[in-house]
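Asks: So the sequences go chain by chain: A and B. So in this note's numbering, the last one in the first sequence is 272, and the numbering has no gaps at all. So in this note's numbering, the last one in the second sequence is 327, and the numbering has no gaps at all.
Do not rely on the hints blindly, as some may be mistaken.
Said to hold, decoys possible - Straight-line Cα separation of at most 30 Å, BS3-like style, residue types lysine-lysine; simulated pairs: (1) B:Lys192 <-> A:Lys138; (2) B:Lys191 <-> A:Lys138; (3) A:Lys194 <-> A:Lys245; (4) A:Lys93 <-> A:Lys138; (5) A:Lys180 <-> A:Lys198; (6) A:Lys152 <-> B:Lys192; (7) B:Lys192 <-> A:Lys93; (8) A:Lys180 <-> A:Lys204; (9) A:Lys138 <-> A:Lys207; (10) B:Lys191 <-> A:Lys152; (11) B:Lys191 <-> A:Lys93; (12) A:Lys152 <-> A:Lys138; (13) A:Lys180 <-> A:Lys245; (14) A:Lys194 <-> A:Lys138; (15) A:Lys245 <-> A:Lys260; (16) A:Lys194 <-> A:Lys204.
Said to hold, decoys possible - Just some of the chain B residues that point at chain A, by a computed CB distance under 10 Å: (17) Leu195; (18) Ala201; (19) Asn205.
No lab work stands behind these hints: they were computed from the structure. Every residue, glycine too, gets a C-beta built ideally from N, C-alpha and C.
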Amino acid sequence: MQASAGSGRDQILLEARGITKYFGAVTALEGVNLKLSRGEVLGVVGDNGAGKSTLMKVLSGLFRPSEGEILIQGQPVQFNSPRDSHKAGIEMVYQDLALAGNMPIFENIYLGREPGRRVGGLTIVNHAESRKLAAEHLARLQIHVKSVDQNVEDLSGGQRQAVAIARATAFDAKVVIMDEPTAALAIKEVGKVLDLIKRLKDHGVGVILISHRMDDVFYVCDRVMAIFHGRNFAEAPLKDTNRNEVIGWIMGTKGHAAGLAHDKVH
Amino acid sequence: MADASKSATVAAPHEFQRSLRSRLLEDYGILLVVVGMAVVLSILQPDYFLSAQNLTNIVRQIGMNALLALGLYIVIVTAGIDLSVGSVMALSIMLLAMADKAGAPWPLVLLVGPFVGTLIGVINGLGLTLLRLPHPFIMTLGTLNAVRGLCNLVSGGQPVSGISDEVRFIGIADIPLPFGGEFAVIPVSAILLLVCYAGVAWFMKKVALGRHIFAVGGNPQAARVSGINVNGVLVFVYAASGFFAGLAALLMAGRTGSGYPNLGIGAELDAIAAVIIGGASFFGGRGSVLGVFAGVLVMGLLRNGLNLMNISAFWQQTLIGVIIILAVWIDVLRRNSGTRT
Ligand SMILES: Nc1ncnc2c1ncn2[C@@H]1O[C@H](COP(=O)(O)OP(=O)(O)OP(=O)(O)O)[C@@H](O)[C@H]1O
Ligand SMILES: [Mg+2]
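This is chain A alone, in the form it adopts within the complex (with noise of 0.2 Å):
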């Protein structure tokens, strides 16, 4: 099965089918559809409201959606928790965080996942290896900080940014999806954040960006998707639009982006 979908040109990852998310009587997302190969980059941007984080936290298992499949490479899985998806190989930045300030850094990294013992249905925590495996990957990932038992809220915006994607980097994930993990950085740490993801890249992995910032756009991607109003609107491989036609189908406008565009519409 594997093999038959890895010979193909591009092996697809990643595939969603038909999403639909209700939240009571406001619709969410209806019918969107979204895939992602290995060692793609995929840009998702739309407006504020647009469904781009509630589509992610389904594709993370955060929220079930209320109707349509996700497949991991051709095959249909069903996500009851973020476990379930962490399982699967998918590990999300969230746009909050969602950090706990009040633990060090290296136990936010490994929250849930803690290095250790299993004794009787309980983990006895290897805090020794989690501090010295979280320093590592931190180094590798050449983020600075004082110390891995620094509490996460006593740091910067921008370092607990750092924390949340070495935290999604840490598992080997087959799909990182990053929602808008620049938008707290300066301009040199977007730099690294944006390296990072072309090393992920590099490395196979599938990644989907969230980013409001055309230049990380059209920087990193290899293809772009905008959601307008909770549906599918446009996508097309990053070589063939521009910066004025992506900016347009974020507002849900198509066609006059002065006569450059044949837009790549499904």
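With chain A's structure known, arrange chain B with the ligands on it following the hints.
Replies: Below, chain B with the ligands without anything else, positioned relative to chain A:
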């Protein structure tokens, strides 16, 4: 290159040590208060305060609050509250006294308290998570009343006395020391407290579930996206709180030899006070077992000292109220100065 960046991540050890020291002070500063109180009391009552008899008395007096506070500590770390512990303790003591009277074998009777407590704790947890009541205050306020009512229903509101010696052992027995005379003993209840406190301290530090309790208190959303079963953690903490309330019932059964349906009315408030005096945050995610123990000791020493000096119980209550406010205020000051520097 890799080495350089690695050393950067573990750099500045003295800076880290300084923050460790301030964190220790934050967690255990209240221990200094305990030591201070002990010094003052041994000056005021030089003959009696430090006597073996008084010390074992103190240990006995704090036992119930120590166990209730330990359970509440686990709950408060999740930013929760358990108002039902006093009632749970009362129902437990009545059921265990009645089981004992009915001739149940004593090893079974020993289990009644912890079992009943854990069961009601699970019900508290399920009410919070399955019924999705908006705050644990509401669910446990409900069980505070419902369980107290049940306790009176099963006992007819009458005490049951004459609990057997085997059942009383944990609450009343002493292990004599080979030196120091008649009153030089270690109460069995002190050993129970020590085991419980050390066990919970270890659990909260070293076991993943203990860390998850802190994570749920710090940021439930972060816990959820990390794959932690947040509802499972919540049910567990209320079960633990109920368990310790049941254990406190066993302790009281030993001390008094009877079950009283009015046992522990208002005891939940003393337990909450001890946890807060001990430096745990009401907003969750913060607090140490050693701090809770110090909080229990502060309240115990205050009662003991004022009793020794024949000061009215009304003053005890007034002072404990003032201390709760002072302890939290000092905490606020310390945090503010911490963020300013
Ligand atoms: N938990 C929730 N309950 C109810 N409505 C929600 C919830 N989460 C999202 N929504 C609604 O779903 C819609 C999509 O929100 P979403 O957060 O996915 O937007 P977004 O595209 O990520 O926007 P932004 O760029 O501002 O992050 C919004 O109308 C929002 O109000
Ligand atoms: Mg969003």
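Asks: So, for every hint listed, does it hold in this structure?
Replies: Now for the hints, and whether the structure bears them out:
no. : hint                  : in the structure
1   : B:Lys192 <-> A:Lys138 : holds, 16 Å
2   : B:Lys191 <-> A:Lys138 : holds, 18 Å
3   : A:Lys194 <-> A:Lys245 : holds, 26 Å
4   : A:Lys93 <-> A:Lys138  : holds, 23 Å
5   : A:Lys180 <-> A:Lys198 : holds, 20 Å
6   : A:Lys152 <-> B:Lys192 : holds, 24 Å
7   : B:Lys192 <-> A:Lys93  : holds, 24 Å
8   : A:Lys180 <-> A:Lys204 : holds, 14 Å
9   : A:Lys138 <-> A:Lys207 : holds, 26 Å
10  : B:Lys191 <-> A:Lys152 : holds, 22 Å
11  : B:Lys191 <-> A:Lys93  : holds, 26 Å
12  : A:Lys152 <-> A:Lys138 : holds, 14 Å
13  : A:Lys180 <-> A:Lys245 : holds, 25 Å
14  : A:Lys194 <-> A:Lys138 : holds, 27 Å
15  : A:Lys245 <-> A:Lys260 : holds, 17 Å
16  : A:Lys194 <-> A:Lys204 : holds, 16 Å
17  : Leu195                : holds, 6 Å
18  : Ala201                : holds, 5 Å
19  : Asn205                : holds, 5 Å
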